[in-house]
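Here's the letter readout for the chains.
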Amino acid sequence: MKQLGELLISPHGGQEIVMGNTAIVRAMIESNVRVATSYPGSPTPEIAAAIASIPKDKNPLYFEFSTNEKVATEVAFGASINGHLSTVFFKSVGLNVAADTFVQLGHMELIGGMVIVLGDDPGANSSQNEQDNRHYARLAYIPMLEPATPTEVYTMFKEAARLSIERRMPVILRLTTHVCHAKEKVNFTSWRSQPTDNSPLFNPDNGPYIPLTTKLVLPLKRRALEKLALFSAHADTSSLNTLVDHGNSTYGVLTMGAAFQSLQDVLEKAVVKPNILKLGIIHPLPKKLVADFLRQHMEVKVLEELDDFIEQQVKALAQEIGITTKIIGKQDYEDWLNEYTPEKVDAIMRKTWLQLLPPLAELPNHPLQWSARPAQMCPGCGHRSAFHAIKQALGADDITVADIGCHTLGIMEPYKMGQILLCMGHSSGTAAGLSLFNTSRKVVAFLGDSTFFHAGLPGIINAVFNHHNFTLILLDNGTTAMTGHQDHPGVGYNFNGPTDKISIRRLLEGIGITNIREIDAYAQAKLKEAVKAAIAEEGFKVVIAKHPCMLKLMSERSAAGNPPPPQVEITEDCNQNYTCINSFACPTFQRDTEGGVWVNNDLCIGDGSCKQTCPAKAIIHKARSKGGI
Amino acid sequence: MPSTKIDIYLIGVGGQGIGLLSEVIIRAADYAGLPVRGTDTHGLAQRGGTVSSCIRIGPRAHSALIQAGCADMVIALERNEALRGLNQLKTAGTLIYYDTQWQPLLVRLGKEPILRAEDISAECLRRNIQEYRIEPTKLSNPKMQNIALLASIAKNSSIPNITPAHYEQALNDLLEGNKLEKNLVLFHSLTTELG
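Order-wise, the sequence lines are chains A and B. With the numbering used here as the guide, the letters of the first sequence map in order to residues 237 to 865. With the numbering used here as the guide, the letters of the second sequence map in order to residues -6 to 188.
No lab work stands behind these hints: they were computed from the structure. Each hint should be verified, as a subset may be incorrect.
To be verified - Keeping only pairs whose Cα atoms sit at most 30 Å apart, straight-line, the calculated BS3-like set for lysine-lysine is:
1) B:K136 / B:K175
2) A:K421 / B:K(-2)
3) A:K294 / B:K172
4) B:K131 / A:K788
5) B:K136 / A:K788
6) A:K292 / A:K394
7) A:K421 / B:K172
8) A:K858 / B:K175
9) B:K172 / A:K858
10) A:K551 / A:K457
11) B:K175 / A:K788
12) B:K104 / A:K853
13) A:K847 / B:K131
14) A:K788 / A:K238
15) A:K294 / A:K737
16) A:K509 / A:K524
17) A:K587 / B:K(-2)
18) B:K175 / A:K421
19) A:K238 / B:K148
20) A:K847 / B:K104
21) B:K148 / B:K136
22) B:K175 / A:K292
23) A:K421 / B:K136
24) B:K136 / A:K858
25) B:K(-2) / A:K509
Unchecked claim - Listing some non-contacts, in silico: residues in chain A with all C-beta distances to chain B over 12 Å:
26) V307
27) E345
28) K394
29) R398
30) N439
31) R459
32) D544
33) L553
34) W572
35) G631
36) P784
37) Q848
Claimed, not checked - Derived CB-CB ranges, DEER-like:
38) B:L118 / A:E570: 32 to 40 Å
39) B:G103 / A:A335: 42 to 50 Å
40) A:Q364 / B:N165: 34 to 42 Å
The structure displayed is predicted, hence computed values, not measured ones. Backbone N, C-alpha and C fix where the C-beta goes; we use that ideal spot for every residue, glycine too.
Chain A extracted, bound-state conformation (with noise of 0.2 Å):
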């Protein structure tokens, strides 16, 4: 929306449809959030888009984009205990990467206050696995609330915070893909910007800060534990958790987030409906509200999207008090994965209580299998160059570990680039251990520009340290591209405007690297060489692949008024060999029913990274043509 950044500081408030993730930077203006750090990760970079949406010159709040979770939550936490209160926002796996920091957090005392809101990934719509951070909360004695629409992210939010401030704790706000997306119709209250204090208040009186061995860290624990009881007690009498009263003594639903409204959806059409306790805080477990709830009904229905986080507890606390309500928790392992959407919760209630509902409406028959689409590198990316030429230089047999990135993409079909992943910024010590004792298979490890700052360099200094034996291929695209083209510490720019360019061959260079070697990815006979020679050598070897991301650079040449290039066509001289469609791929190739091979005007960007892959010399730019970029 073009007026968003305006309404989102409007001290009027108002309604506006917003999605989750935007919805919780109203709420972070109205709790006079001071500091707010982030690394991108979906389902959550588009809160930091709504906060760009804000007039820099009127913008309450400082963000950043940190160099990864980890720093972030740093940032973000140094802030607090210094009377600021902050926020850091990341994805699921993030916060394995801020782990080590996290952890820590409820031991501290932040007299700010400090919101940690995650974005889970439940059906692993954008991630390397599906995890359940609700665990963390538990390991780390920290709060955690779950809203279930974007008009609860917005007042869990603020409650979040203000509880944080008041208890001077960590309150972590854990959203889900659909929680983030899902659109909806806000009301925004008014409110009144807060005269703001800029004096450091770090005072070490507040703390300890410093929890090591023994003496120090038990009482930090055990400080952490009381400050969770009394949480836990807040929690039983919070508004936060709403019971949906149906009037039924027999069938009780204990359910939280998004499975609660797919719930309702299911239940639109129950014949008998169950009543429902809707969990807002769902750590530490409302005990005396659960136990309730537990005595009103004979059987209780626990309802959670991935694993028995809430499950478990209930179940040990039926056995604490002593009541026989019988407690239906995941019933195969189906109920442990993917998202509950309508249908699938659906399912899950006819296999709990078939009776409460209707026969199953009957589903068009025979869905249709049609051919899967799934994502690809754009037309003109410089990966897929890259990709295409580095097959041609390796061996059948040889070993490529792929990373996080667009450039993850190279291992789909036709290219097969990359055939293990972990997450960010593996590639390189995965690749020394496919080193150990391999003498006859090389290693190429790949890696991208935003991960090589986030979490690559760590296994990238090893290799030198330790004298690993493989060759690392870095798709410099010079943008943090698949989230959504986020700068990074090699572009130029932060968030906030102007910085210096941290250029990452000189940092190569600097940690003792002398074998590298810097190619533009469109040149493909060079690349391919480069890779040839780089694998062949012995040792750590680094190969830099390079080119824009076209997807970025073609939309900012487009908003400043220049016209696109012209595209490209096959001539007559056509032999239909099809490396164009086969081996290089790019989508804007397409197949007509004679076997024969058109371009598709929708998607050619008239970049000619094509051209020099035909043998027949037969794509060429359309006329008035100067050439490719």
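Put chain B on the given structure of chain A with help from the hints.
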């Protein structure tokens, strides 16, 4: 206020502008006084993969997601995605699709057959689905296919109670400058010319 429920499932390819189309319809529904919620695909799939969006109009919609096989209407921006979208559509529902062709990976690699518009018509006939195929228009910018499709929806009052003026209000909310002007020109020309 009309209390009818209508669940609309939008489907297309990352890069086709489904996000804007969805946002326009949601806002237009709101301008028409209809309760509405929805959600889009974000993240990895936006890079040329299948993307979808749910729009749920009516007071009894809780989740932002539509149950498979329960959508009242499927709006597709591309031929292959139109067929995929039929899995979401109820029997005797409505399919509206813009008939451009961005072939999926395995079709391009020659490992799966090329889909023809007739294949979609046959499936629609079999399931008693009302099919509206929109012939691609010559556009100065293929990124405006979403607006061409929107114009057809507006012109034919495909979504009850939402008028062309509501869509235009929504476009005014979302776009500005040259982009707004170009999209409005296209929208106007197509809403007055389409039959």
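Hints, one by one, checked against the model:
| no. | hint | verdict |
| --- | --- | --- |
| 1 | B:K136 / B:K175 | 11 Å, holds |
| 2 | A:K421 / B:K(-2) | 17 Å, holds |
| 3 | A:K294 / B:K172 | 26 Å, holds |
| 4 | B:K131 / A:K788 | 25 Å, holds |
| 5 | B:K136 / A:K788 | 15 Å, holds |
| 6 | A:K292 / A:K394 | 23 Å, holds |
| 7 | A:K421 / B:K172 | 26 Å, holds |
| 8 | A:K858 / B:K175 | 26 Å, holds |
| 9 | B:K172 / A:K858 | 27 Å, holds |
| 10 | A:K551 / A:K457 | 26 Å, holds |
| 11 | B:K175 / A:K788 | 22 Å, holds |
| 12 | B:K104 / A:K853 | 25 Å, holds |
| 13 | A:K847 / B:K131 | 26 Å, holds |
| 14 | A:K788 / A:K238 | 21 Å, holds |
| 15 | A:K294 / A:K737 | 27 Å, holds |
| 16 | A:K509 / A:K524 | 24 Å, holds |
| 17 | A:K587 / B:K(-2) | 27 Å, holds |
| 18 | B:K175 / A:K421 | 28 Å, holds |
| 19 | A:K238 / B:K148 | 26 Å, holds |
| 20 | A:K847 / B:K104 | 24 Å, holds |
| 21 | B:K148 / B:K136 | 20 Å, holds |
| 22 | B:K175 / A:K292 | 28 Å, holds |
| 23 | A:K421 / B:K136 | 28 Å, holds |
| 24 | B:K136 / A:K858 | 20 Å, holds |
| 25 | B:K(-2) / A:K509 | 21 Å, holds |
| 26 | V307 | 23 Å, holds |
| 27 | E345 | 37 Å, holds |
| 28 | K394 | 21 Å, holds |
| 29 | R398 | 27 Å, holds |
| 30 | N439 | 42 Å, holds |
| 31 | R459 | 39 Å, holds |
| 32 | D544 | 22 Å, holds |
| 33 | L553 | 28 Å, holds |
| 34 | W572 | 20 Å, holds |
| 35 | G631 | 23 Å, holds |
| 36 | P784 | 16 Å, holds |
| 37 | Q848 | 19 Å, holds |
| 38 | B:L118 / A:E570: 32 to 40 Å | 35 Å, holds |
| 39 | B:G103 / A:A335: 42 to 50 Å | 46 Å, holds |
| 40 | A:Q364 / B:N165: 34 to 42 Å | 41 Å, holds |
When the structure is compared with the earlier hints, no violation turns up for any of them.
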